[in-house]
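Asks: Residues per chain are reported as follows:
There are 4 protein chains.
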Amino acid sequence: MNILITGFDPFGGESVNPSWLAAERLDGSRIDGHTLVAGRLPTEFGRALETLRALVERHNPCLVIAVGQAGGRDRISLERVAINIDDARIPDNAGRQPIDAPIDPDGEAAYFSGLPIKAMLHALQQAGIPAEVSNSAGTFVCNHVFYGLMTLCRSRPGLRGGFIHIPYLPGQAVAHPGKASMALDDIVRALTLCVQVALQTGQDLKIAAGTEC
Amino acid sequence: MNILITGFDPFGGESVNPSWLAAERLDGSRIDGHTLVAGRLPTEFGRALETLRALVERHNPCLVIAVGQAGGRDRISLERVAINIDDARIPDNAGRQPIDAPIDPDGEAAYFSGLPIKAMLHALQQAGIPAEVSNSAGTFVCNHVFYGLMTLCRSRPGLRGGFIHIPYLPGQAVAHPGKASMALDDIVRALTLCVQVALQTGQDLKIAAGTEC
Amino acid sequence: MNILITGFDPFGGESVNPSWLAAERLDGSRIDGHTLVAGRLPTEFGRALETLRALVERHNPCLVIAVGQAGGRDRISLERVAINIDDARIPDNAGRQPIDAPIDPDGEAAYFSGLPIKAMLHALQQAGIPAEVSNSAGTFVCNHVFYGLMTLCRSRPGLRGGFIHIPYLPGQAVAHPGKASMALDDIVRALTLCVQVALQTGQDLKIAAGTEC
Amino acid sequence: MNILITGFDPFGGESVNPSWLAAERLDGSRIDGHTLVAGRLPTEFGRALETLRALVERHNPCLVIAVGQAGGRDRISLERVAINIDDARIPDNAGRQPIDAPIDPDGEAAYFSGLPIKAMLHALQQAGIPAEVSNSAGTFVCNHVFYGLMTLCRSRPGLRGGFIHIPYLPGQAVAHPGKASMALDDIVRALTLCVQVALQTGQDLKIAAGTEC
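Taken in order, these protein sequences are the chains called E, G, S and F. Here my numbering is used: position 140 in the first sequence is 140, and no number is missing along the way. Here my numbering is used: position 213 in the second sequence is 213, and no number is missing along the way. Here my numbering is used: position 136 in the third sequence is 136, and no number is missing along the way. Here my numbering is used: position 9 in the fourth sequence is 9, and no number is missing along the way.
Hints may contain errors.
Simulated restraints on C-beta separations [to be verified]:
no., chain 1, residue 1, chain 2, residue 2, range
1, F, Gly12, S, Gly178, 24 to 32 Å
2, F, Ala175, E, His176, 22 to 30 Å
3, F, Arg89, E, His176, 27 to 35 Å
4, E, Gly13, F, Gln126, 18 to 26 Å
5, F, Arg89, E, Glu57, 56 to 64 Å
Because the hints were derived from the structure by calculation, they are not lab data. Beta carbons are placed, not taken as given, at the ideal position from N, Cα and C, and that holds for glycine.
Construct the entire structure; sequences and hints are all you get.
Replies: Encoded structure:
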């Protein structure tokens, strides 16, 4: 069986996107009898989701982990929930900037991740990798893809999926005083662990990882 | 017509909760022909919502704005979405600490705020009050009340509602190095403005206030 | 006897500088038998210090508190030490941008504040105003004035002085997402308290207010 | 000729100190004809400096770079200035907690680093490693050692020295939500570069790296 790991094109003035660099590094590797396939998504509303759907059609994965850059976050962010709205602070790579537009006019306000985010959190922390559960994937193309992926999972029995945000690479953080970063090796190790946990976990762990606000 | 403004009991080791101090200051004031009624909610899962429902029964408001303390945030946070999950990092005031429990097993994953948060954002910023749209109200009692309030609004035609997070007061921030605060006068002025905007706004403004992550 | 409180002109794209607005509010007020005189300094290397020296000549104060805006800080910052270097990240209001130039080629590397910063910290916190001791006043015009002031104090027996940084006003923070602010009323109250403490304190308190880094 | 790189014992509840782990990794390596010697300092006021002086006596280095952990900083911090004060927020590893005590009663208020911190900043950023000039090394044992080292350099012609703060390791940041980290490989690479730049640089670069506050 295939596992699809997607990353994005660079956006917002960056020359690289760590999500694609990490996905690319995992392409072709094997985990617990599964093959990882890397997919590259344009950072564009609409077209990112079309590309994702085509990748799912072509590779028929049992698991999709979409990965995105969260510039400024200091640890691996396991996203809990995708919301049904596009609200772009900056234009996407095609110059479009939707404001308060639903991603799916017939969809629910949100869908929860299909990944065992608490078990992943536990495994990452045990491995010495800083991680957190996040309650917002933003309102840009990352959340757009996350919401679309969860819609796709609902229509394809046997498909599980979710979204993981990752920090800037050190080389990117050079230009962003005050912002954290994470080495690509650690990001790749984190994503590998997350795939393993997803494959091995039925019922997610019940460990507190909430926030007051 | 009545407008209900709720605040919470202190929690997490604090001796005051600015949300209740602000609501109390607004109690009995009149805005555009409406009377503000302040309600105090216990910071307890379950009982907070029962108290909210009883207040709505008693006062039959056309508008409910629930307010909560967001310790560490630096501006008025207009919450966009409530999610259907309780995940308590710390126990509530009754000692309960639910983990990954749905608030309403029959509810959707989330509900959007019924407030014109973009028009409110615009009005607050014009008035010189720092404000933001927030995409997560957390997973503690604030989000719990927000989700329950939006459920209530769906069952009571004519009732609109939403949630606003506010910073620590200066006196609280004394004990929290590195955390921002806002003067109570400014918080009260902000909430007054928000009520006025809610009363005067039909269709919300379309202004960008999203985040990439 | 006179007490001199100085503030700066706006800089860095701001239309106001809270340090001058606060100083202006204190002008002419009387504290413990002393009269407060407000002085406005240009945000310019060199000329700011010339203006300060002229104000000291004219008003012959026993105490000088120079105040400056610290955009992004979340509390009253009692500066501990001025260092003998100008290193401007941005040009000053006259377009000058010195890099690694000594303020006084014959001066020591640094001078400590002449204010009882620990007693001030204690008084501010008791009054519910967030405050901290800061170990760096930066390397721009604030530190430049602070260093020049301490040089002046060494040459004028009976003159005490020091520097206090204050946060953005709320109206400024509107344009700075993620940055804290403080109400002007609280800033004025804080500076008044600091003057009182300076007048009443001989030996400073010994309370820990350091940092590991 | 020898180059001395020092790191500290763990403190503040940590089980490792990245400064020692990095120094240890560099022990015995050769850079531009020099041999690196790693020295481990206790995180104790007084005894840390005695240990440093003994190491300098024994190895007679031409260059000393003292390294310390700056928990929460997000990049390599090239320290500009050491101040003549101990002000401990927490007790050191021997239980001592000096408050506002001079490190050297006969010393000046501060000494500037003897390292070419701007050339180092430039080299690190060119190599893709996030770095900054810092204007405060705190008031704990790191600053204590830095100040003592600069005093030592003044009495030993031919000895240059300075201080570099480094972030938490990823494994430490697991337990510190909201705090950044840096991989040990990147820290070691950064320190190696800093040594090379120090050996090759006579006059430091004039590039702006200051702060307004």
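Asks: Provide an ascending list of the numbers of those earlier hints which the structure does not satisfy.
Replies: Violated hints: none; all satisfied.
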